[in-house]
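Undergrad: Chains as they are written, first to last, in the numbering used here: chain A, 15 to 380; chain B, 1011 to 1404.
Just so you know, these hints were derived from the structure itself, not from any lab.
Take these hints with a grain of salt, some might be off.
Unchecked claim - Computed beta-carbon distance windows for the label pairs: (1) B:1227 to A:342: 52 to 60 angstroms; (2) B:1277 to A:186: 31 to 39 angstroms; (3) B:1052 to A:254: 52 to 60 angstroms; (4) B:1052 to A:89: 27 to 35 angstroms; (5) A:25 to B:1277: 52 to 60 angstroms; (6) B:1031 to A:254: 49 to 57 angstroms; (7) A:28 to B:1103: 48 to 56 angstroms; (8) B:1262 to A:56: 51 to 59 angstroms; (9) B:1341 to A:89: 36 to 44 angstroms; (10) B:1345 to A:378: 36 to 44 angstroms; (11) B:1195 to A:25: 44 to 52 angstroms.
Said to hold, decoys possible - When the alpha-carbon atoms are kept at most 30 angstroms apart in a straight line, the in silico DSS-like pairs for lysine-lysine are as follows: (12) A:264 to B:1395; (13) B:1281 to A:355; (14) B:1262 to B:1281; (15) A:352 to B:1281.
In this text, a Cβ means the ideal position worked out from N, Cα and C, and glycines have one as well.
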Amino acid sequence: MTAQSTQPDLLYSEEEEALRAAVRDLLADHCDAPGVIARTESETPHDLSAWKALSDGMGLAGLLVPEELGGQGATHREVAVVLEELGRAVAPVPYLTSAVVATEALLAVEDEELLGRLASGRTIGALAVGLHTAPGADFKVVHVQGGALQGELTGIADALAADVLLVPADDGGLYAVDTEAATITPQVSFDLTRPLATVTLNGAPGRRLGEAEPAVRRALRAGAGLLASEQLGLADWALTETVRYLKERKQFNRPVGGFQALKHRLAQLWLEVVSLRAAARAAADALANGESGQEAAVAVAVAQAYAAPVAVRAAEEALQLHGGLGMTWEHPVHLNLKRAKADSIAYGTAGAHREALAELVDLSAP
Amino acid sequence: MTVDAAELQRRTAELLAAQPPATTDRLDFLRARFDAGLAWVHYPEGLGGLGAPRSLQVVVDAALEAAGAPDNDPRRIGIGLGMAAPTILKYGTEEQKQRFLRPLWVGEEVWCQLFSEPGAGSDLAALGTRAVREGEDWVVNGQKVWTSSAHLARWAILIARTDPDVPKHAGITYFVCDMTDPGVEVRPLRQITGEAEFNEVFLTGVRIPDSRRLGEVGDGWRVAQTTLNNERVAIGGMRLPREGGMIGPVSKTWRERPELRTHDLHQRLLKLWVEAEVARLTGERLRQQLALGQPGPEGAGMKLAFARLNQEISGLEVELLGEEGLLYDDWTMRRPELVDFTGRDAGYRYLRSKGNSIEGGTSEVLLNIVAERVLGLPSEPRTDKDVAWKDLAR
């Protein structure tokens, strides 16, 4: 282990804090909870005006893309900060799927043309691999013959918003397919803010970008590692809102937050959120410092194995401690809970990441 | 002028040239290091430091380690370094700082902490040990408990009640007690591990000169907060490599003895391995904040996390050992100088870690502290706040 790998930079730089403030301001204007709830019931679940503000206005879609290709040439650390804020707002934008996962796949195959388009945000990309797929797991492919693709893929996150799909095929290649050439059918999704869809390709034309295997692996690993920052944002929001509410809400002539049974639960949750922040920062830092190393794989697996249960528990605690209010459609805690629970499956469950870790750190199964 | 890394490197090289470790007596070297301001570089000049950023200590430590210089055995003198020193630095008179800090850092004088009492554990401010003023002295009577290192210590930090007629937090004063004085009696306290790592200390007519008071009369509770905050940082803030804590021995056993593996143990081990690694990263993040002079409230949280993890991991380790887990290495009543988790077997680790959620503040009290001071939740209703100590039910 190198000195660098055992001592990741776990703090936020001043620039990162400034970025956070800017994103939070923007989301306060674009993604308030009543707006997000209303949108989940509409025909267009994605908030494309928020997406435009994030990508066109702030250039955030291109954070991971080198400057010479039209991006910002930033790192996973900055992306992680953006995802924290998107998680806090449960923003229905295809940031993780397009600006991280699809972008990482394109970085792997070095497709400059598409990278530039995704960096601008004017083109939205989606990797056509089921959202539940862990970085090391098998993924489904379509049949390719003479450049035409044939097959059906399910559970494709944000395909409804995408302009281009990155599709793995049975010749080992990764193909770019315009969504106009595909049939995208919405699935009824548990998390309405990151909706899934079925992609049907019926002789759709595709452009071969390169080898699918390394591109998908890299994309899923970055997705899993940075998902921990979204989960951190979700958990932090749940804790903060619950603490705020319990200071105001009175029962038995006292603020509910003064009862020791609840104080201990919130203090315990705080400790888990603080710990998740360290784990998520470590994963972002490891990804920023070089994608292929074993250290990054360990950091991502640790972060994902830890993050999912914490985010879900934070949302569940928030719901319970809000009492009857927590069970209503109008209070945003359900958005948070649905996203947190869906995130616990996205890019591999905690169990899948623990299994990966067992091999990485030599703690093999019986 | 702020002393930077290059300047520290220069001064360290100078120290090594003047006092070659190979030919210099250990204590002489450590004294010279203290006098050169390279003991704890963030302390003031003349008191073992140079007023440099705390984060630069690693520069000195690394250079000295590379040169084979002796260290001051920081684990053995942890109470002095971690608790007495910061309190003396903040509240001591110039004379007290000059007298105590150098032998403390060098390790010539071991310190212990006379805080807890049989009737005042978590409710520390309820303590009943009395100190009564007689001329230039205070006369102390009472009993303390859970005092590690008391049998080795030259000095103790002591809190005692000097005014029973005011509410409990207001009537306490902080002293430095000479453990060699007549009237100080140290008795071993045997624990569930079989060891006597701690002591009971009986104080009978012990005379402490007023010049060994730390802070104002009646202000001892505030002074003690400095000690206690530093204690929690010291307990939770150990720097560890990956697998550096309790998870290390159990991971090693897992790798070396495949015949012990079961699927159930595998799932539990992996879960705890992840939690141990995350706790390590959280501690690292806290240290990085501290190095920038931004102390976070995570200190109390780290102690909570390590206590729970130590207990769960050591419990798993005993189970993993199966038949061997039914045995114990040694029930002899030992008098160890420090807690040695790795030098003993799994059964010892299991039993000793039970103390981790009690010593230095119980987990329940720390959760209250986090809830109130970090999250700003309302405090518990207090029935003792405005009542004179002597009128409290005991």
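Undergrad: Each of the hints needs a verdict: does it hold here or not?
TA: Taking the hints in turn, this is what the structure says about them:
1. Range check, residue 1227 of chain B to residue 342 of chain A: about 58 angstroms between beta-carbon atoms, so the 52 to 60 angstroms window is met.
2. A hinted range of 31 to 39 angstroms for the beta carbons of residue 1277 of chain B and residue 186 of chain A is consistent with their spacing of about 35 angstroms.
3. Between residue 1052 of chain B and residue 254 of chain A the beta carbon distance is about 33 angstroms. The supplied range of 52 to 60 angstroms is therefore violated.
4. Distance hint for residue 1052 of chain B and residue 89 of chain A: a CB-CB separation of about 32 angstroms, consistent with the stated range 27 to 35 angstroms.
5. Here the CB-CB span from residue 25 of chain A to residue 1277 of chain B is close to 33 angstroms, at odds with the stated 52 to 60 angstroms.
6. Taken as a hint, the range 49 to 57 angstroms holds for the pair residue 1031 of chain B and residue 254 of chain A, whose Cβ atoms sit roughly 52 angstroms apart.
7. For the pair residue 28 of chain A and residue 1103 of chain B, the supplied restraint of 48 to 56 angstroms is violated, since their beta-carbon distance comes to about 40 angstroms.
8. Between residue 1262 of chain B and residue 56 of chain A the CB atoms are about 57 angstroms apart, so this pair conforms to the stated range of 51 to 59 angstroms.
9. For the hinted restraint 36 to 44 angstroms between residue 1341 of chain B and residue 89 of chain A, the CB-CB distance of approximately 56 angstroms leaves it violated.
10. For the pair residue 1345 of chain B and residue 378 of chain A, the supplied restraint of 36 to 44 angstroms holds, since their beta-carbon distance comes to about 41 angstroms.
11. One distance hint, 44 to 52 angstroms for the beta-carbon pair residue 1195 of chain B and residue 25 of chain A, holds here, with the actual separation near 49 angstroms.
12. Restraint check: the Cα-Cα separation between residue 264 of chain A and residue 1395 of chain B comes to about 24 angstroms, which is no more than 30 angstroms; the hinted pair holds.
13. For a cut-off of 30 angstroms, the pair hint linking residue 1281 of chain B to residue 355 of chain A stands: about 19 angstroms separates their Cα positions.
14. A C-alpha spacing of about 16 angstroms is found between residue 1262 of chain B and residue 1281 of chain B, which places the hinted pair at or below 30 angstroms, so the restraint holds.
15. About 24 angstroms separates the Cα atoms of residue 352 of chain A and residue 1281 of chain B, which keeps this hinted pair within 30 angstroms; it holds.
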